[in-house]
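*Asks:* Given next are the chains, with one letter for each unit.
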Amino acid sequence: MTGNGLVQLTAKDFKSDQEVRWCPGCGDYAILAGVQSFLPELGVPRENLVFISGIGCAARFPYYVQTYGMHSIHGRAPAIATGLATSRPDLSVWVVTGDGDALSIGGNHLIHALRRNVDITILLFNNRIYGLTKGQYSPTSELGKVTKSTPFGSVDQPFNPLSVAIGAEASFVARAIDTDKQGTAEVLRAAAQHRGAAFVEILQNCNIYNDGAFDVVRDEKDNRLYLRAGEEVRWGEKGVRMRSDGTLEIVDASAGGLLRHDPLRDDPGLAFALARLTWEGAGGVPLGVFRSVSRPVYEDLVHDQVRTAVEQRGEGDLAALLHGADTWSIG
Amino acid sequence: MSTKKVEHLDGVIIRFAGDSGDGMQLTGDRFTSETAALGNDLATFPDFPAEIRAPAGSLPGVSGFQVHFADHDILTAGDRPDVLVAMNPAALKTNLRDVPKGGTIIVNTDAFNDRTLQKAGYAENPLADGSLADYHIHEVALTSMTVGALKGIEGVTPREAERSKNFFALGLMSWLYHRPTEGTIGFIASKFAKRPEIVEANTRAFRAGWNYGETSEDFAVSYEVAPAPLTPGTYRQITGNTALSYGLIAASRLSGLPLFLGAYPITPASSILEELAGRKEFGVVTFQAEDEIAAVGAAVGASFGGALGVTASAGPGVVLKAETVGLAIALELPLLILDIQRAGPSTGMPTKPEQADLLMVLFGRNGESPVPVVAASTPSQCFDAAIEAARIALKYRTPVYLLSDAYLANGSEPWLIPDVADLPDISTSFAEANGEPFEPYRRDPTTLARPWAVPGTKGLEHRIGGLEKADVTGAISYDPDNHDQMVRLRAQKVAGIAADIPELEVDDPDGDAELLVLGWGSTYGPIVAGVRRARKEGHRVARAHLGHLNPLPRNTGDVLRSYPKVLVPEMNLGQLAMLLRAEFLVDVVSYTKVRGRPLGARELEDAITTMVAS
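Protein chains in written order, with the numbering used here: chain A, 1129 to 1459; chain B, 79 to 692.
No lab work stands behind these hints: they were computed from the structure. Take the hints with a grain of salt, since some may be wrong.
As the list claims (entries may be wrong) - Straight-line C-alpha distance at most 20 Å; calculated EDC-like pairs for lysine to aspartate or glutamate:
1) K197(B) to D1284(A)
2) K1143(A) to E517(B)
3) K1273(A) to D1284(A)
4) K536(B) to D1284(A)
5) K671(B) to E681(B)
To be verified - Take a look, some chain A residues computed to stay more than 12 Å from chain B by CB distance:
6) D1145
7) R1244
8) T1278
9) G1295
10) R1369
11) D1380
12) L1392
13) G1411
14) S1422
15) P1424
16) A1437
17) E1439
18) Q1440
19) H1451
Beta carbons are placed, not taken as given, at the ideal position from N, Cα and C, and that holds for glycine.
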């Protein structure tokens, strides 16, 4: 028993009776295990947790977690989660989505959930491919990517999911890697503690249709740039410095004057600049919490208005409403 | 009071028509309120362009408001106006064809000049060329008399003085029909309270119009329409969208569930969102979504959490919601989808009514996806329709479509305000843990509804979704027999609602009618009025009206088969007629009009007469 009288749950308590049906070797297994082993420490009773997903491989996630869950329709999970979280602020609502689900068909709902700052946690499994439909390019697939639907290479400029989130006024933005158990747990912890919309990109390997998409940082741990509040932004021998014009440059870490990470900065400029650091451009991939700022939470504002209306006008009187101001009597 | 001659009329139809910026809707509203206060029965039909301010003086920019009032119960805003108030040439031109020969036309002569005549497409001034000889024309210099009456009010610009002319017109009409004026004086004082000089201006214009009627020799007679002998009780005036909104709030109270409305602004449904957004003291949560899909998605999310989830839209928005409604069918959660129909396809005519979404809401989804459909018949009946739709949704754990249209949405009529204590109990219950493993798709043996287990209930943690479910357990299932079983169960559940709705009631005074007129939705008023007219001519006509389109009342087939002829009037190309023919193999005859206007009582009388004779 814990201090609050709750039975201490374990990862096993969050495993449902459903057989997990992802391809053997899929990165989703590691994320599922990571989430299931993290949930006990959240301290939220199972019945108050809800996982909502759209369509895609990632979207099967809720079936495997022994909480409340809804496997909905393509792209719409943030909208459904918004309705649930707004009408039930007592619940802990999570959205599990993929790069196609969140950034193509559901792009509109994603950005609006973020800008409203609905108190939900969005986990975006980014494998840069459409897996469930068997291998078409996705909105995060790189230019020139050859897939079944781009036999001559993709001509679509991809989204950077973190740029999208920061641009959409997200108050919490983070990134993790599927197999990085500790990094994922740290990010999930911070995301779960955040009040408002928390956006977490999880780099996830699709070993069938896009194997090795993130090997450079999944396998090569030296290329991971862990962002930590108050610490210098550096990895290996390299570091990040801010130029006088505000842009970032990669320098030899020993050169000094390195940028110190501050996810609490209200101005999103620096978080955005860090989100733009890529393997191709910087030789490293930033991970961890990019941005975590406090903003009014949507459902708080909604229910504040309801409370204020009741205080000022009194609890709604149905008979008075139906009568209105202008009535007349007959007989 | 007037010293002039007074005539008594049993009913009058007046149409106010002017430029979009002339304040015709406000004028019509005020005249209606005065009429309601007097105790006439009434019905209104605001008819305005989708453009907020179409080019001034142009034909498309004409905005109209028709009010029909009488000393007896009436059912429609009337086919053709007895009196047309035309504030400019364009208003005259677009409305003249509706005025019967011998009708009265009051024109604002100040608005008739070369420029405005040309804009309206008149080569000659119709006031001068004799083309209006068949009508009683009152030429009134509305604008200049208004400006004259307002001279000397400090702080009122010439432009503002001119804009008070609608109150002059209202004053004149109030005199002509003996309407009480106190309500309008009070209305002006509160509406424009922030600008006392405008209160003064509008009040003076209103009085000047009244006095003009009293003193001008042009108006020799004024008219009285006595109060109607309506059912005793307390009445108010109400539009369909307001009644719908109140019905939803009432449904929330009667069910004990918080109301959650997800909506995206769309004509003619937006006023539901606006009305409910202002009623937070009832615990109402409104969510103006990023799009139509998010609006219904959020409502589904709220329903999952135990709220009364509702979304409101019109055809172009409802079609976008189809996939989410399909999800709600699979989830078997309560959900209300309000479709305030307007003329289509595509954007169509956004402010004009039509009934052409019936087949869409019945069948416009992938897979076998049955949904109950309820339709409102009059503006005030929208209140009851909302409660009925909520009752079905909650009891059977299903999405329900509620059909209204632009005519009901904006039209108004007196409403005998119900006693809250008489409203139906539509309370429902959530599932509770009983120590056994939870089976989310174990159905109630009577209703076939599944348990509604809301998050936060310990021991009932479960997953639902759009993938096919195994019967009882709700686990994902691709089993062929299970799918066949589930498809049939969902269909049976909806079909079974027929046992839980009233039988189709037939109005057949002598029981010997040779023709049945069967309608649904907002054609109720015109059909009843048309049937009355036909009966007056000696025809034996029966009438029935459908408030439930799916399932249909259980006696529908029997009723259809008991009459030699069945006429089905609709504002579409025969959608209900097609259903009836398919379902009951009865050779019903369609009467269809898609003019973006309500059907007329006279044309229905003609259709009935023709069919009886055939």
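*Asks:* Take the hints in turn and mark each one as holding or not.
*Replies:* Structure-based check of all given hints:
1. K197(B) to D1284(A): This hinted pair is violated, its Cα atoms lying about 50 Å apart.
2. K1143(A) to E517(B): 17 Å, holds
3. K1273(A) to D1284(A): It holds: about 9 Å lies between the C-alpha atoms, which stays within 20 Å.
4. K536(B) to D1284(A): Between K536(B) and D1284(A) the Cα gap is close to 47 Å, so the pair fails against 20 Å, i.e. violated.
5. K671(B) to E681(B): OK: K671(B) and E681(B) at ~10 Å, within 20 Å.
6. D1145: The assertion about D1145(A) is violated, with a minimum of 8 Å to chain B.
7. R1244: Nearest chain B Cβ is 9 Å from R1244(A), so the label is violated.
8. T1278: For T1278(A), whose nearest Cβ neighbour in chain B is about 26 Å away, the distance exceeds 12 Å, so it holds.
9. G1295: Correct as stated: the minimum Cβ-Cβ distance to chain B is 15 Å, above 12 Å.
10. R1369: 39 Å, holds
11. D1380: D1380(A) is indeed farther than 12 Å from all Cβ atoms of chain B, at 46 Å.
12. L1392: 28 Å, holds
13. G1411: G1411(A) clear of chain B: closest Cβ-Cβ about 38 Å, beyond 12 Å.
14. S1422: 23 Å, holds
15. P1424: 16 Å, holds
16. A1437: With a cut-off of 12 Å, A1437(A) comes too close to chain B, as the shortest Cβ separation is near 4 Å.
17. E1439: 9 Å, violated
18. Q1440: Incorrect as stated: the minimum Cβ-Cβ distance to chain B is 8 Å, not above 12 Å.
19. H1451: H1451(A) not clear of chain B: closest Cβ-Cβ about 6 Å, inside 12 Å.
In terms of the numbered hints stated before, the structure departs from hints 1, 4, 6, 7, 16, 17, 18, 19, listed from lowest to highest.
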